[in-house]
Amino acid sequence: MTQTVALDSDTAISPARLNHLQALEAESIAILREAVAEFARPVMLYSIGKDSSVMLRLAQKAFYPGKIPFPLLHIDTSYKFPEMIAFRDAYTKEIGAELIVHRNEPAIAAGANPYTLGTQNCCGLLKTRSLLDGLAEGGFDAAFGGARRDEEKSRAKERVYSFRDSAGQWDPKNQRPELWSLYNSRLKKGESIRVFPLSNWTELDIWLYLYAEKIPIVPLYFATERPVIVRGSQLTLFFDGMKLLPGEEVRMEKVRMRSLGCHPCTGAMRSEADTLPKIIEELLTFRRSERENRAIDHDEEGSMEVKKREGYF
Amino acid sequence: MSATATRDFEEFLEAHLGQELLRFTTAGSVDDGKSTLIGRLLHDTKSVYEDQLAAVKKSRVNRAANGHVDLSLLTDGLKAEREQGITIDVAYRYFSTSRRKFIIADTPGHEQYTRNMATGASTADVAIVLIDAKAYLREGRLLPQSRRHTYIASLLGIPHVVAAVNKMDLVDYAESTFSSIRAEFVAFASQLGLKSVTVIPVSALEGDNVVTPSAKMAWYDGPTLLEFLETVPLATADTRGPLRFPVQLVLRPDANFRGFAGQVARGVLHQGDRVMALPSRRETTVRRIVTWDGDLSEASYPQSITVELDDEIDLSRGEMLIPAGSETQSSGLPEITRHFRSMVVWMHEEPLVVGRTYLAKHTTRSVRATVKAIRYRVDVSSLDHVQADHLAMNEIAEVELETNLPLFFDAYAESRTTGSLILIDGLTNATVGAAMIVGAVDTEGGQGSQAALVVVARRAELAERLRDALEARGQRAVLIDDSLITNDSLTSVVRALNLAGVTAITARELSTEALADIVRSTQAFAEGEVVVGDGFEDDEILRLSGVRI
Ligand SMILES: Nc1nc2c(ncn2[C@@H]2O[C@H](COP(=O)(O)OP(=O)(O)O)[C@@H](O)[C@H]2O)c(=O)[nH]1
Ligand SMILES: [Mg+2]
Chain A
1 MTQTVALDSD TAISPARLNH LQALEAESIA ILREAVAEFA RPVMLYSIGK
51 DSSVMLRLAQ KAFYPGKIPF PLLHIDTSYK FPEMIAFRDA YTKEIGAELI
101 VHRNEPAIAA GANPYTLGTQ NCCGLLKTRS LLDGLAEGGF DAAFGGARRD
151 EEKSRAKERV YSFRDSAGQW DPKNQRPELW SLYNSRLKKG ESIRVFPLSN
201 WTELDIWLYL YAEKIPIVPL YFATERPVIV RGSQLTLFFD GMKLLPGEEV
251 RMEKVRMRSL GCHPCTGAMR SEADTLPKII EELLTFRRSE RENRAIDHDE
301 EGSMEVKKRE GYF
Chain B
1 MSATATRDFE EFLEAHLGQE LLRFTTAGSV DDGKSTLIGR LLHDTKSVYE
51 DQLAAVKKSR VNRAANGHVD LSLLTDGLKA EREQGITIDV AYRYFSTSRR
101 KFIIADTPGH EQYTRNMATG ASTADVAIVL IDAKAYLREG RLLPQSRRHT
151 YIASLLGIPH VVAAVNKMDL VDYAESTFSS IRAEFVAFAS QLGLKSVTVI
201 PVSALEGDNV VTPSAKMAWY DGPTLLEFLE TVPLATADTR GPLRFPVQLV
251 LRPDANFRGF AGQVARGVLH QGDRVMALPS RRETTVRRIV TWDGDLSEAS
301 YPQSITVELD DEIDLSRGEM LIPAGSETQS SGLPEITRHF RSMVVWMHEE
351 PLVVGRTYLA KHTTRSVRAT VKAIRYRVDV SSLDHVQADH LAMNEIAEVE
401 LETNLPLFFD AYAESRTTGS LILIDGLTNA TVGAAMIVGA VDTEGGQGSQ
451 AALVVVARRA ELAERLRDAL EARGQRAVLI DDSLITNDSL TSVVRALNLA
501 GVTAITAREL STEALADIVR STQAFAEGEV VVGDGFEDDE ILRLSGVRI
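From first to last, the protein sequence lines stand for chains A and B. Numbering of the first sequence is given in my numbering, commencing with residue 1 and proceeding in unit increments. Numbering of the second sequence is given in my numbering, commencing with residue 1 and proceeding in unit increments.
Certain hints may be false.
What the hints assert, rightly or not - Per label pair, the in silico range of CB-to-CB distance: (1) Gly139(A) x Lys58(B): 54 to 62 Å; (2) Arg231(A) x Thr97(B): 53 to 61 Å; (3) Asp165(A) x Glu50(B): 34 to 42 Å; (4) Glu230(B) x Thr224(A): 34 to 42 Å; (5) Thr97(B) x Pro69(A): 50 to 58 Å; (6) Glu249(A) x Phe257(B): 56 to 64 Å; (7) Thr357(B) x Asp89(A): 44 to 52 Å.
Read the hints as simulated data drawn from the structure, not as lab findings. In this text, all values refer to a predicted model and were calculated from it rather than measured experimentally. Note that CB positions come from ideal geometry on N, CA and C, so glycine has one too.
Can you make the complete structure from the sequences, with help from the hints?
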């Protein structure tokens, strides 16, 4: 971290206490290395979002001057924004990472969508099922995920090493105690661990780090004039080929995405923030949490916990 | 943004990037108000989003009195927790003020969940122990759980303990009640040897002295809880001691680079420093400290770095770099032994029993650890030492452990990182215990004793008989028949044993090259100390192995 005044080399090498981003970075790198040392076949779940972008940079740092010693796995629901896919392909190529894309093709062919299935069922098929299949196909015993504990209440209970049984499921009441930075990587056949190197990062930390490190992110995060439609209570981005429902019309608004999910279920927000400092400033005045614009999380109280138990990350 | 606004904002960013991180944990009995207190801290520092607050307000559950919003719901995240109104598992929370960034481990007070308190405490800089003022009046003394948790805080080496005397609103904000609690708490804390203790009267429900000073307790002139958290000096002990750099991973991207990746566990490392590798005791010089952001001239706890050394010495995962010239503990050497005492917090339904062997993870090393003895169990209410032959869940004892390989450690009081280990049940893989090392039991002969390597290929029974014969003669010997030890790590294992004065015996078939590798890299072996035993009788092998019969 050499780009900013507070993080210049003087501070970075002082034996005084590290500042909070340096401390978080050191912890995350140690977690990534520990998992690579201990698991037979790790993989990184790469969602193309801002958290994944930070996690990917941390992986580059952890194994420098070597290459990232594991593949990236993207679970493509077929509902990702075209900009996301373009960014994914260009960026992973640029940094020389191995990318695996997994899709639940039978469900996609059968027309799985959130409108007729409901968000929970649609996510179950296109994300959770697809993720579990993708992990099983690759024979991965550990999967890095970019989830943060500050995102949602049930995530606040997650361990850094989150144990999953042979069906990929999470049992929140029976988690392994996790002390100091000593992680228990012992597994039986078929079991796996989700490793969360960003556990202790907050949304603000992520943005500060993206800024300090000049990490590229999908342009959808920055506000610009975009075609949108109002669908339900949500401002939805419109793009070519999208079917309009009766009564809907396309109009232009200056909007950005606060988090990137599937387009039918991730709303845009009106914003003037077209640079990272502006996004950070906006975030500090926000009174709403980042997952609020995702339909899935607030279907019912505790819905994230239910999804996580089933194997969602 | 205008030019000035941009400049202001960049100043803000700089200030924010330079913030320190403080980790704290909460403890206390169930219903003392821990979750409410954290909810209050989050709420009053404006760290709660509107939609989260709205969800709490419309929740079916509300246990707060006087029509207050139930702020405990902000942290109790699991379904069962909301329904039963209790905290089951550690929940981590984050907030920041203009002065610091905070990580909170909110831990449950139920006795069966004490292991989670230890979990939260293991990384904390500060422990907040809640004391229910009303319950204190009712009982006339501190509740056993408050004592237990204060004891665990001291056991886990948390530098600062603050007692938040809560529910002051229920005792008419009376100074006399606060004073008796403070007196009893301070007395108990000093009995535990806690060095930094602070006591603050609060009401989590009403918000008194949490973030804003209380108008109802004018008699109190100390800091609010938040002021305390923002200003308490952070410990720097770990950056001061002698260097400990446990190797996590060897990076070999190409034939020209061989780097040792890891996190500095203690002390400082400079480019150009002379360092010693354990267990080989080879000395060399730090050529470079490599990071993605460029080489560093020095790195300290807890930085993650990659070290390149001048000489091609053997060094692998689980091994350690320490200062060169370390001869004794006072000159920077860690303890190197297989037999040590440690305080163990037991975390599993199935009890710890003497004689059982568990897996242990210490820094980056995984070994087997056998429980040799329970020296005493601690009655955490009276702090008395009592006899015990097993440890049930949530019990704490001083235990003698013997590992199959030597560990390189410091006492936990010296270093939380190199003085701690976890115990894992090898059958279920559950994490069953947490151990804080007190010190070595006795030295195993140390350097220069008659350690040898005996290889009796494919003769497992003979290997066992040899081990028994040596032990019967008071020599230390270890059978390397463990699947944890791969042939790749054999050299390192034998070297470590040799350093601790322990003879290694194996019935594995080793190639001539592998054997040569071990002998070459283990300077300490003199001629005659490596025995390859095909066609020899037991006694002959013992004699040849340099072990006097
Ligand atoms: N009157 C009063 N009640 C409180 C206070 N703090 C917490 N409570 C109540 O005490 C009960 C237990 O609180 P909770 O935060 O769940 O306790 P925990 O089990 O320690 O997390 C709840 O009904 C709270 O509303 C306080 O300062 N004053
Ligand atoms: Mg609670």
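Taking the hints in turn, this is what the structure says about them:
1. Taking 54 to 62 Å as the suggested C-beta distance range, the pair Gly139(A) and Lys58(B) does not conform, at roughly 45 Å.
2. Taking the beta carbon of each, Arg231(A) and Thr97(B) are about 39 Å apart, not inside 53 to 61 Å as hinted.
3. With their beta carbons about 37 Å apart, Asp165(A) and Glu50(B) fall inside the hinted range of 34 to 42 Å.
4. Glu230(B) and Thr224(A) have their C-beta atoms about 39 Å apart, which keeps the hinted 34 to 42 Å range intact.
5. The beta-carbon spacing between Thr97(B) and Pro69(A), approximately 39 Å, falls outside the hinted interval of 50 to 58 Å.
6. At about 60 Å, the CB distance of Glu249(A) to Phe257(B) agrees with the hint of 56 to 64 Å.
7. Between Thr357(B) and Asp89(A) the C-beta distance comes to about 51 Å, which sits within the given range of 44 to 52 Å.
Checked against the numbered hints given earlier, the structure breaks hints 1, 2, 5 and satisfies all the rest.
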